[in-house]
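If you read the sequences in order, they're chains D, G and E.
If you're matching positions, the first sequence starts at -15 in our numbering and goes up one per residue.
If you're matching positions, the second sequence starts at 12 in our numbering and goes up one per residue.
If you're matching positions, the third sequence starts at 319 in our numbering and goes up one per residue.
Hints listed in this document are in silico derivations from the structure and should not be mistaken for laboratory results.
Just so it is clear, the structure is predicted and the values come from calculations on it, not from any experiment.
Check each hint, because a few of them may be wrong.
Said to hold, decoys possible - A partial selection of chain D residues facing chain G, derived with a Cβ cut-off under 10 Å:
no., residue
1, Ile158
2, Trp548
3, Val559
4, Val569
Said to hold, decoys possible - Footprint (simulated), chain D over chain E, 3 or more residues, beta carbon under 8 Å:
no., stretch
5, 326 to 340
6, 401 to 413
Glycine included, C-beta positions come from ideal geometry on N, C-alpha and C.
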Amino acid sequence: MSGILLFVVLAPLIGFLINGIFGKWTKPYAGVIASLALATSFVLGLFPIMSVLHGNIVEHIYYTWLPFKEVVIPFGLRVDALSAVMLFVVTFVSTMIHIYSIGYMHGDPGYSRFFAYLNLFVTSMLLLVLGNNYLLMFVGWEGVGLCSYLLIGFWYEKDTASDAGEKAFVVNRIGDAGFTIGVMFIIYYFGSATYADVFPRAEEVLNSTAATIIGLALFLGAMGKSAQFPLYIWLTDAMEGPTPVSSLIHAATMVTAGVYMVARSNAIFSMAPIAQEVVASVGAFTAFYAATMALTHKDIKRILAYSTLSQLGYMFIGVGVGAYWTGMFHLMTHAFFKGLLFLGAGAVMHSMRGLLSIDLMGGLRKYMPQTAILMVIASLAIGGIPPFAGFFSKDAILAHALEFGHPIIWVVGEITAFMTAFYMFRFVFTVFYGEEKVPGLYHDLHTHEAPAVMTIPMWTLGILSMVGGFVGLHIGGVVPFEHLITQIAPNTEVANEAHYSETVLIGVSVTMGILGILAAWIIYIKKIITAESIARAFKPIYTLLANTYYVDEFVACCIVKPFWWVSRNFLWKIVDVILIDKGMVDGAGWLASRVGYLLRFIQTGFVNHYAYWVSLGVIVLSGWYIVKII
Amino acid sequence: MNQLHFPILSLITFIPLMGAFFVALINEKNENLIKWFTFIILVIDFIVSLPLFFYFDPTTYHMQFVERVPWIKSLGFEYHVGVDGISLFLVLLTTFLTPLAQLSTWSAIDKKVKLFNIVILLMQTGMLGVFISIDMFLFYVFWEVQLIPMYLMIGIWGGPNRVFATMKFFLYTFAGSVFMMIAIMALYFLNHHFTGTYTSDMVKLMATPLPAHLQMWLFLAFFIAFAIKVPMWPFHTWLPWAHVEAPTAGSVILAGILLKMGTYGFLRFNLPMFPDMTHAFALLVIILSIIGIFYGAFVAMVQPDIKKLVAYSSVSHLGYSMLGMFALTQVGLEGSILQMLNHGISTGALFLIVGIIYERRHTRLISEYGGLASLIPVFSVFFMIFTLSSIAVPGTNGFVGEFMILLGAFLAKPIYGIIVAFGGLFSAIYMLTMYKRVVFLKVTNPKNLELKDMNKREWAYMLPLLLFVFWIGLYPNTFLSKMRVSVEHLLQQTNRSVKVIDKTQEAQLIKTVVVKKG
Amino acid sequence: MLVQYMIVSALLIAIGATGVMIKRNFMIVLMSLEIMINGAGMLLIVMAYYLGNVSGQVMFLFVAAVAASETAVGLAIAVMMYKRKGSVDINDFSMLKK
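Chain D extracted, bound-state conformation (with noise of 0.2 Å):
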């Protein structure tokens, strides 16, 4: 079982490795490669994936990584009930994305470049995921954080590309300090980083405050990560990467790795009651604030991006709140139906050669029935629509967060899915229905349904889609889901726990899924309402959510430019080269050339001078020496 682990996390490196290096001549095959080594990937992962569901946890270490006298961390992989679902996610979800690149990639220049960058990727993911203590995940931390870098930085010629990569790396580097420092309490505390060593001991060795403190260094690491509030601001600009990252990275995998760091770290969690506060309402408050901002934007794909932020603040009120098999059922769920939105929007820029605005979109069921098929049936999981498998996924985060007395966020959680519901419809029924909003547009740009190697993973994602939810069901008074997942990640225990009819709130998050639907058709398909008399009427709102609330540019003018400004002007300029420098360093040559100067003026050049100079001294001296002596 160690070599399968290994070569879990070998085949995808192995792939990158080939392409990487040979990429010239792979080229016409890397697609092939990078595809074949993933499938090797996930395939052997089923191994330990079934270990695991057999009720054992399958732990090798391989060799010692990092051997310091005050803490050894070793190399080992470390498959569990939490893991394996990561591992199962990642390994399926990149293998159809792969396979879906080949066709969404074909004829790019950086076509093995890409593939390269992807199965790095994924090597590093699994690191993330299966690594058996928290500076191994670390790595993988830092390593999709890389990967993602130079994939949204994929098409680098353009600067808003290069840009955003950047701006991905820096913000998570904020993130990774937060997630540096959780590590280094925990090995202050516990002399180990291994989970093995750590959770079990968490209760004897941490007070309260301390959990607190190593709970909000490491909930910074997964704001940055998985992009919560106010770290959020390098998701949106990350869509300038190529659509299939956009759904593997940006929607299915690296952004869930905060939720999978959270949940992983439950024992420290459900010692600091304030983290969890923490974590849920910033959960919250995104899931809220980014699906309002989702409700104006036409750019296909920063829809879904901002949607994204919206999801993955449910995930994080599931794990806030306590709930941590809701918030890692969710990520499931939604790396199924959000991979499937972005694979079904990369189809749209496929076929309208890279347009992305809505207001040029409109009709399209016609011309590609089987992408409009699928969208619907990923928005109808995301918006929450029984038995799609988003649905299951929502409504347990959200009866748990009810459930463990977080009433408000139950409250904002439930608006969010209306709200989710309506933009969801909103980018369906502009994009896939309705008349062409461009008369020939479609014509010229010989608009048609993708390939087979595209569809293909886009049909089995949909499938996933809706059936992925039925391990949230009960079945024998167990719920599947809840009974592997709690085994590694028990609920906290919530000290007056509320109960409430089932029924009723499954109908309320029914209602309000439908709702938003409705309110979708009446404005978009009807037309009773238009959508611009709506803007008319709530003119300052609409603008603020249509400039994104102004963030990014608060963040241009008021953080980086005096930032900079600051380093070039003061401390460059001012400090380094003329107070340091000029002023120290030259100041002090200078201070010695002028007493030299000064000293000149003893130099007459007479010799006569020379000669008084020598018998004063000799003066001064046997003076001194007489004078001693007496």
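Since the structure of chain D is provided, determine the placement of chains G and E on it from the hints.
Positioned in the frame of chain D, the structure of chains G and E alone reads:
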């Protein structure tokens, strides 16, 4: 102890000197022969230095491969050399990096080739001498000797402002060395004052620390000498000048090895000899280091010149090294030594990278470039990897070093670790912004269209560096295991409580000494 | 007797030093220097006699030899000075200033 029963350290140190002598005999016109000969000498030197690694005994902190010959008997000076876990890797780094640096000059240096190669060989001898000396005066001699070749290298083959830069470099470091010489003499006489013997053996001097009130001035004198060399903020301003003006090989050696002499000096002198003052001044040094880490990053961010940017990044990186050292924890100290190696490798590599494009385009301004990724992809990949190593992405060497230092600082006092954890943010900003503007984006400058990708010689000197980036990143135990015991011992020396000797006790001590002598 | 000898020596040195300081003619400066040396030499001999140690007298032989060679060099310089400027006034030779 010399497990090889063979004067290997002297051989390593003086092979380049002998080589320089033979190079001097070669006809000046025969440049190819000179280049090859020098290169082979340096490679031989590297190969000869490998037994140090393989035969090094990691279980003892005593000096190894020791050679000891009386030099000036009446004064107690000896030719006394040896390495321990602290200096071992610096010796190896020197023998490893110099051939690569020399290889980078084959086409970059086109005037006075013979002299240049002689200078490199002499510098090699000087630098190795610093790291292997156990005798203080020998140390001082080598310390000053290696200044001269560097002075020549910047002064003769440097850029347009070379004379100013080289004077600044020389005078600044020399001013520091003067303090060190005074301190060395004081130490020498004080040791005689307390023990009655004249010796300049560092190991003996470390063994008996001075009373606290005498340590302070000596500590400060050494501190100034080494802080200038490191360079610590605010003694760093010679570095950008020297780097910008130096030829590529000069920058590589300067950043890769010469700066390490400063940090090495701290480890050899300040920590073990003045334990009380080390603790007393630790806070000050740590504050300066933290300022250096952030300040270096901020100023690096806005530099228009790639080399200057890398130079300021050195200030930041060596700030980490100093921080780890004065955190006075095992992991911090080991991290500090590892960071020295990492900095030598990744910053050395970055200077080589800059050299490659400088050689083709004769400019280092970031704004002159852009879009290199599509023109010279192999170069861009190498550049990317060393950039990542420099910003400490896990898996590369930079991460291991920086994390150890962070952890060491954190264990000393959590607040240090927490503050410095955010340093990685700024290193990412300056390196990636520079990388973006040089390698990404569109090709805007038509002059770049003619650029050629890396040739075989350039591959040859980048690949070994690449190997170490990942070796240290993935399996640092090779290196950490060899320095463990020495660092433990150093830490013990630094943490021993020195009895506070008051005036009467001191008088007593002197009296006994006098009695003994009389 | 010793004191008188010492006084004479001191006087010789003082006279010589004064000459060096106030005279502007290089030849006279040289002569004054010679007087100073002789003063010192006299002291050496006297002390040697007084202490019964020959080494002082031996030392004087060396001093005398040095003084002779010094005079030779000095005179050569004087010749060169005269050739350059047509004078041996030391105030005409103050190039050391710059």
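Inset, instruction - Enumerate the violated hints, using their earlier numbering and listing them in ascending order. - result: none
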